[in-house]
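Enquirer: Residue-level listing of the chains:
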Amino acid sequence: MIVVERLWAGYKPGKPVVKDVSFRVGVGEILAIVGPNGAGKSTILRCLAGFIKPLKGRILVAGLDPSKTPAKTLAKIIGYVAPDVKAPPLLTVLEFVMLGRLAPRGSWKVDSEDIEVSYETLALLGIEHLAEKRLDELSTGQRQLVLLAQALAKKPRILLLDEPTASLDLKRQHDTMQLIYDLTKEQGISTVVVHHDLNLAIDYSDKVLVLNNGKVKAYGAPEEVLSSKLVQEVYGVEAKLVVVDGLLRIITLTNRSCRRGLQDAKLETRGPRN
Amino acid sequence: MATHSLAKQGLVVYHRLTRRRRLALAATTLTLIPLFLLDISIGPTPIGLKDVLNVLAGCHSCSETLHTIVWSIRLPVALAAIVTGASLGLAGLLMQTILDNPLASPYTLGVSSAAAFGAALFYVFAVKILPIADHAATLNAFAFAAFACWLVYCISRFKGFTPETLVLAGIAIGSLFHALLAFVEYLASEETLQAIVFWMFGSLYKATWSKLAVSIAVLLATASTAVYAAWKLEALRLGDDVAQSLGVDVKRVRLLAFASSALLTAVSVSFYGIIGFVGLVAPHMARILVGEDHRFLIPQSMVMGAALLSAASIACKTISPGAVIPIGIVTSFIGVPFFLALIVAKKRRYW
Ligand SMILES: Nc1ncnc2c1ncn2[C@@H]1O[C@H](COP(=O)(O)OP(=O)(O)OP(=O)(O)O)[C@@H](O)[C@H]1O
Ligand SMILES: [Mg+2]
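Residue numbers (our numbering), protein chains in the order written: chain A, 1 to 274; chain B, 1001 to 1351.
What the hints contain is simulated information worked out from the structure, not anything from laboratory work. Predicted model only: the values in this text are computed from it and were never measured. Any given hint might turn out to be false.
Under 8 Å between C-beta atoms, here's a sample of chain A residues computed to sit facing chain B [unchecked claim]:
1) 8
2) 10
3) 52
4) 90
5) 119
6) 213
In this text, a Cβ means the ideal position worked out from N, Cα and C, and glycines have one as well.
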């Protein structure tokens, strides 16, 4: 359970970048935060993870105030995934994933459960074959999956994911979000995920929160709060909301495309290389 | 059943990863034994390895002189090489980890200049910082080394005790003491100047059993603390943000490692003078051998440091029989080619 009430946050006093934000993520619920670059999405996650103190407002994460809870306690219940990580090249993937479980513990001992769970988590994300690779031998997307594995291997009650699919291929984006969605439901996790892809945000969330300039522009179930007017207002991009096969899609329209003026050919039915 | 075999597979992978590290650590530790014995046997009066073993085993038939040479000269020096090498290796590793910098060494934060300044104060002005009659140069050196570390800590604490502020504060304080040292040297007579220079060269012949007891105690205490906090230190290598998200109290761990490294360095500099290169290179050699896993990297750095200094101690005596070349000079001669060979042979990035 995550409760955020009238949160103001920023990096310098008197210069808030998150302004009066409130939301609530229940057990087994997933909230997607979207918004333009610099809107304050990552800042909200950092507040929830306890990295920065709010200027004003109240945060409760699994019943704890992150700004007053020791990092060790938070690390055991929160799985936080940064957009990328700077890692020493000699670290192996398995070790990196295990580090998530071992670092908060304060002892040098490794249980076989730590190894097993870490490896199983890699397998869950379909990357167990990378276990013995060094971190600098991975592609960006593979590294992103490894980061996610580290957070999941902790078996957290709270998941805070900052653009977890930004570097993944089309299938992996959906597989990974589906996995996160399922785990959230099955294990009663409270998940907050930041996206730039509005359609991913729609597909794998209970609620979305649209942030612009640090302020909440919309908050609620995607089909209830999203509109082409909102997209125009927040991003300055013309968009159309359509329902295809029962799915809500946001399609961006731009008269700047170099492909504009195409005739409606039978694109759907033709095969590849045609 | 599927997950069961998956777990098993994970264990297999993990053991494959650690087996290599175990082997490397065991093999290099074993090489310390011949180095140690050779270090005892070589000298102005060569002693056969058999005799060395006999004397060490406490034989009664051995001659009195042999007994004296081994127990009161050779053994303390050989042990000092092992213990000091291990101390510098560990101190260097801790510095590189907390400063997040491959160029860091035990002397990066100005400990050596401060210690040398303390010793020089005694040689030139007969100043005694601590009210103790004996070992004034050593105690002065230690006091100033500790003082410099405390200054560095206080300064960097103003700006969050980050790696950058630590380095900058350390370099500033180091330069300050360097200048002070130069000034004292300028005022010194030729004789005292020589004493200072010789003090700084670093020599294990200052070893005594009581000094050894102190350095062994410090080494054991700091090494066990470091190994216990192995995963936290490793997490620091991922950057402060990530380490914090992994539940590491970044500032506390950094302070602990800094204090350990400072203590190790202060003890070794004030006891034996400045022995360069070991603390910079031993951690790198260890890292190439066992990777970032600090449970292995910590002891491996200590073993590499000990081996390097032991080998240097042997080389000191063999290069020019009769004259004792200061060990601080020899460490570089021995270490550089070995180190370069390792780096060239290892084609991939390792920092
Ligand atoms: N460490 C920092 N110090 C000072 N200001 C910062 C810091 N990090 C971010 N900011 C500022 O805070 C604002 C919000 O940043 P934040 O990282 O939360 O944006 P975001 O919504 O995550 O953007 P993006 O989509 O680009 O990741 C920005 O204006 C940024 O300039
Ligand atoms: Mg961001």
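Enquirer: None of the hints should be skipped; say for each whether it holds.
Expert: Hints versus structure:
no., hint, result
1, 8, "22 Å, violated"
2, 10, "17 Å, violated"
3, 52, "10 Å, violated"
4, 90, "4 Å, holds"
5, 119, "3 Å, holds"
6, 213, "24 Å, violated"
Checked against the numbered hints given earlier, the structure breaks hints 1, 2, 3 and 6 and satisfies all the rest.
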